[in-house]
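The hints should help you fit chain S onto chain Y, whose structure is shown.
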Amino acid sequence: AQTVTQSQPEMSVQEAETVTLSCTYDTSESDYYLFWYKQPPSRQMILVIRQEAYKQQNATENRFSVNFQKAAKSFSLKISDSQLGDAAMYFCAYRSEYSGGGADGLTFGKGTHLIIQP
Amino acid sequence: GAGVSQTPSNKVTEKGKYVELRCDPISGHTALYWYRQSLGQGPEFLIYFQGTGAADDSGLPNDRFFAVRPEGSVSTLKIQRTERGDSAVYLCASSLNGNSPLHFGNGTRLTVT
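Just so you know, the protein sequences line up as chains Y and S, in that order.
In this text, residue positions in the first sequence follow our numbering: the first is 1, and each later residue adds one.
In this text, residue positions in the second sequence follow our numbering: the first is 1001, and each later residue adds one.
No lab work stands behind these hints: they were computed from the structure.
Relax, there's no trap hidden among the hints.
Label pairs and their in silico Cβ distance ranges:
{"no.": "1", "chain 1": "S", "residue 1": "K1015", "chain 2": "Y", "residue 2": "T18", "range": "44 to 54 Å"}
{"no.": "2", "chain 1": "S", "residue 1": "Q1080", "chain 2": "Y", "residue 2": "E15", "range": "40 to 50 Å"}
{"no.": "3", "chain 1": "Y", "residue 1": "M11", "chain 2": "S", "residue 2": "T1052", "range": "40 to 50 Å"}
{"no.": "4", "chain 1": "Y", "residue 1": "T3", "chain 2": "S", "residue 2": "R1022", "range": "24 to 34 Å"}
Simulated coverage check for chain Y against chain S, where a stretch passes if three residues somewhere in it have a Cβ under 8 Å from a Cβ of chain S:
{"no.": "5", "segment": "45-56"}
{"no.": "6", "segment": "106-113"}
For glycine and all other residues, C-beta sits at the position ideal for the given N, C-alpha and C.
If we strip away everything but chain Y, and leave its shape as in the complex, we get (with noise of 0.2 Å):
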């Protein structure tokens, strides 16, 4: 089975600086996607950003940004230009490419929430 590490319960950056959130996963397989998301008090996820496996080339969107290394099975975030509204809960997701088992659905981290300081 596949799992996820979130190791930075809580994270404080002051606005507009950048901050980097760690995720470390664990699996045997090769094909699998990588994501982030957001869930604010209204307790809905939100897609941040998502990564496939098989590409070498880090995802970003905006201010979001990845950098993803396989053979260290570890795919961070980093939030540039912290904003008020970037504040928080923050989720690593794994999905494998295989269905069945479980496989379909995401395993998530234990989360990071982030807190934006003015």
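Leaving out everything else, chain S in the frame of chain Y:
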């Protein structure tokens, strides 16, 4: 509707009671997922529907939990003989197909007293 709708938003029930949680997915989305998020944890996969059938129910914790999607749209998660350990936020998500991005609802917070 514009997004995934879950009702009720909050549900308080007594230990031993039966509850039903409803999920209205985005129109046209064939894939539907249920997750459970306990306090301080990430969501845990429960069940995945493709159309009307449960394609993967390996995440359901025991036989007190059951979910249906009779017409391939709305889904209901049913919990019998609720226990205090069932208290959690239950999240529903839908996607166009099994490989498309997931769209989540706001969840139902279930509290068993």
